[in-house]
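Student: Just so you know, the sequences run in chain order A and B.
Under the working numbering, the first residue of the first sequence is numbered 189, with each subsequent residue one higher.
Under the working numbering, the first residue of the second sequence is numbered 195, with each subsequent residue one higher.
Quick caveat, the hints were computed from the structure, so don't treat them as lab data.
Cβ coordinates follow ideal geometry from the N, Cα and C atoms, glycine included.
Any given hint could turn out to be false.
[Stated by the list, open to error] Computed beta-carbon distance windows for the label pairs:
hint: 1; chain 1: A; residue 1: Gly240; chain 2: B; residue 2: Gly286; range: 44 to 52 Å
hint: 2; chain 1: B; residue 1: His446; chain 2: A; residue 2: Pro276; range: 18 to 26 Å
hint: 3; chain 1: A; residue 1: Asp283; chain 2: B; residue 2: Gly683; range: 25 to 33 Å
hint: 4; chain 1: B; residue 1: Ser627; chain 2: A; residue 2: Arg426; range: 36 to 44 Å
hint: 5; chain 1: B; residue 1: Gly584; chain 2: A; residue 2: Gly240; range: 55 to 63 Å
hint: 6; chain 1: A; residue 1: Leu408; chain 2: B; residue 2: Phe619; range: 42 to 50 Å
hint: 7; chain 1: B; residue 1: Gly683; chain 2: A; residue 2: Ala414; range: 37 to 45 Å
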Amino acid sequence: MVTRLAPSPAPAPAPTTYPYTGQGQDRRRRRRRGARARARLWRTEVTVCALGLVALTTALTAWPAPAPARPMPAGVSLVRSGLVMASPFDAPVADRTLMDDYAFNGSARPGVGYGAATAGGLHIGVRPHGGWAGWFAVTIHAAGAQMVWHTTMARPTAPVGGAVGEAVFAVQTASTQHSGAINYAVVAALSSRGKSTWQVGSAHGLVADADTHVLWESPLRADTPATEAVTVRTDGLRRLTVWLGSREVYTSDRLHLDAPSPFQAYLEVQGRGIGYVATFRNFWVADAAPVTVEGAPRGAHLALSVGATTVSAVADAQGIATLAVPPYAAVGTGTLRVTHGSRTQHFVDLHYAGGDILQLSSP
Amino acid sequence: MSTTMPRVSEGGELGLHMAARTVVGHCAAPLNPLEVAVVLETCGYTAGRARALGTDGLMELAQRVFDLMPLYSAAMSLPEPIEVGARPRPPGPADFGRGLAYSSPWLVSLATMLIAGVSFWSSNVALPSIANAVTLATAVALLVTGPFIQAFGRRASFYIGLGDQGMVVRITRWTLELGLAATGLACLVLYLVRNDVLGLGTPATARLGLAAGIAIAALQIGLASFYVRRAFLSMGVIVVGGATVLIWMVSHAGSYVDPTVLIVWQIRVVAVMAAVCWVASAWWLLRVTASAPAPLWRPSGSALLRAVTPYGLYGLAFFTIVVAPQLVSGGLVEGRYSFNPPFAMTSGVALVVLVAILAQTVATTEHLLSRQFPGWLGHFTVGQIDEFRGEVRRYWLGQLAVLAGLSVVSGLAVVEGAPRLGSRFVVLRDLTSHPGLLAACTVGYLLLGAGIFSCQLLFALSAPMRPLVAVWSGCVALVVASIAAAPAGPTVCAAAGLVAGAGVFAAVAVTLAHRAFAHADLTYYRTL
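Isolated chain A (complex conformation) (with noise of 0.2 Å):
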């Protein structure tokens, strides 16, 4: 017989036994019962945690809107909002909270300048020091060219001596970021010697010290208003109006702004040689389109009191009016009625701004 020993392909039987295992069976062997089920369900689970991942990414990113929630009355509802911002700054609001909304920066040294809102406004000052310090608090949030941008400035009534204070309102191009251009609008109230005026003017300037041509002021006096309400409006080209209060102090398309949109508002103050502290309250920016309602009954007459100021129109075939506000009073609340025939109905406390729609509801 003749034995020959060479490879095999058949494979040799596994042994019985598997003494380093201590467990005297082969698990190699043996089939993973629900292996493919369990992979499965772990990639389920996978894919719905992914899932969950980007909804909790989303919700946590979400971030507080510019301006706040406004309630409507009964039979009023806000189609689309022309608020693009508003800060009423008629309550505390804390220092981290604010800058959600605004950044804080300026010339000052850290320490001397500061802001911080309480219920007398939004207070933007530089502590005592020597030479021009100034701070500002500036809108994280741009806006175009169509809107109107308001707020109520004052300026401490004490006489400064033959120091400068300045309180300052601007609207500046906020190309600022890839530009280095320092163009802008302002609003500013300035004392020194005992008296104080109100200027309008332009500044031009690429990353500092920007040169400011005065477009108006009022007479340099010892009466001068401290507080003013101040309203600006620019397409940053050729145009500019500026109220004060209901008052068009200054208008012109002739300009050279050379300060594109969009712009972002500065609430500012500057000191020479003393602490100084300018306060901004009810700071708001809106569109400057006419408050449009729809909904209303063919040919009835709608009018919106706010304080004396009324405005009014009448709906047209759809329904629709447009009611055309003052810029200065762009942003208010007031009572609508809507007449039709021998009905009125008034919807008080109506929180409006320009650019709103808002649809009545059926009667």
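Got chain A sorted already, so can you dock chain B onto it with the hints?
Tutor: Frame of chain A; chain B shown alone:
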């Protein structure tokens, strides 16, 4: 009737079978003839004895014995045998190019930054409060995910190679998923401390930081399986897709990019990229064709932990050296943190030197494992250990010289070239005002690269404890140097910490790697 009996001598087939039994007694399932040769030589099979068995030498004997293995070892699928005796070429430009693919997410991120001024979690338009929150979250994400990614990288490829879907799922759960959960928890703690205890930052940026930490960690961890599977094309598609969205967004934002809108969408894009990575990993990259009989014993959790701990600790310390200088530059030594733009920008630019070094590291490591060592094993026998060690030492020194040359070129390119690009790219505008800082950071990252290079080669030699010693030495040096330089201000302090930490890391790692290569032996192969 006649009976022919086989010749009972070592020169016949019986001798081969005896040798096969001998091999199986020491190694139940040798992977290839090389391993057989190592066992045979260890058991006293010299070249003369191999000739007595009718072969030309030990390697041929090993080949013939290996052919008999199916008779004696358990049936299992064997990998392709390695061609013995071949002398591989050193790593070349093609290997270097493949190595560059490892840095592709980073390169895409840098390109996006240069093109659009923004990247996945950084931009040149961020507000201080946003920058503080996001950079802190990024630091936490890097520190916490680092150990888990290292551990996953080490073990997952092993189980993928074995075709054990169950273990792939298990290792993913215990490294990647646990890592994401740990990072989420760390970011939540950071959020609570900053927002509720210290009242730092703003409410929205605190939430943003939490989201950024989770999204960045999810993306880093999500990309781990792409590296393990070398799915660079798919990874490139995802990263380039995210970058394209960002560039499109910025280019359509007009002259003003609202920093809040930008960061919100940056983080959301990162989260979507991370989600895509995770889903692709689960349904595709980590899907293995499981062999019906389970091919191996499943280790216990504690055994798994012991196996991955050195790699995890290495990852933690390594990312500490990378991240800590950023935190120190923000005033960590003084107990505060505020984003330091000059340091972030210069160190971010200097970090570019690592692109070439990492590519070379990957090229050398993969070449060593897949071609060089098998080539040596096919060429040398255990008895030729001195010649073998001489060859290994020459290889190590040669690769170190290549790395040094690459470091000099990269370093000079960054120190000399980056400031000149300042006029072209807005994001690099301020580089010219910090040449000293740029040089210091460049030196720091070059040293860090030398440390990474040495440690990766040590990992390739299955010597994880030595990199651990090196990287933790670097950490200690970083802390000491940072504290010692504290009076000079946060920026100097951070640069000193980076250079000292990376320097000690590099010195210890290179020394230990040199020793490891000088004492390399052929039993190495059994550790694979």
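Student: Determine for every hint whether it applies to the structure shown.
Tutor: Hints, one by one, checked against the model:
The hinted range of 44 to 52 Å is satisfied by Gly240 of chain A and Gly286 of chain B, whose Cβ atoms lie roughly 46 Å apart. Roughly 33 Å separates the CB atoms of His446 of chain B and Pro276 of chain A, a value that falls outside the hinted 18 to 26 Å. Checking the proposed 25 to 33 Å range against Asp283 of chain A and Gly683 of chain B shows it holds: the Cβ atoms sit about 26 Å from each other. The given range of 36 to 44 Å is respected by Ser627 of chain B and Arg426 of chain A, whose C-beta atoms sit roughly 38 Å from each other.
Our hint of 55 to 63 Å for Gly584 of chain B and Gly240 of chain A holds, since their Cβ atoms are close to 57 Å apart. Remark: the range hint 42 to 50 Å for Leu408 of chain A to Phe619 of chain B is upheld by a beta-carbon distance near 49 Å. Distance hint for Gly683 of chain B and Ala414 of chain A: a CB-CB separation of about 44 Å, consistent with the stated range 37 to 45 Å.
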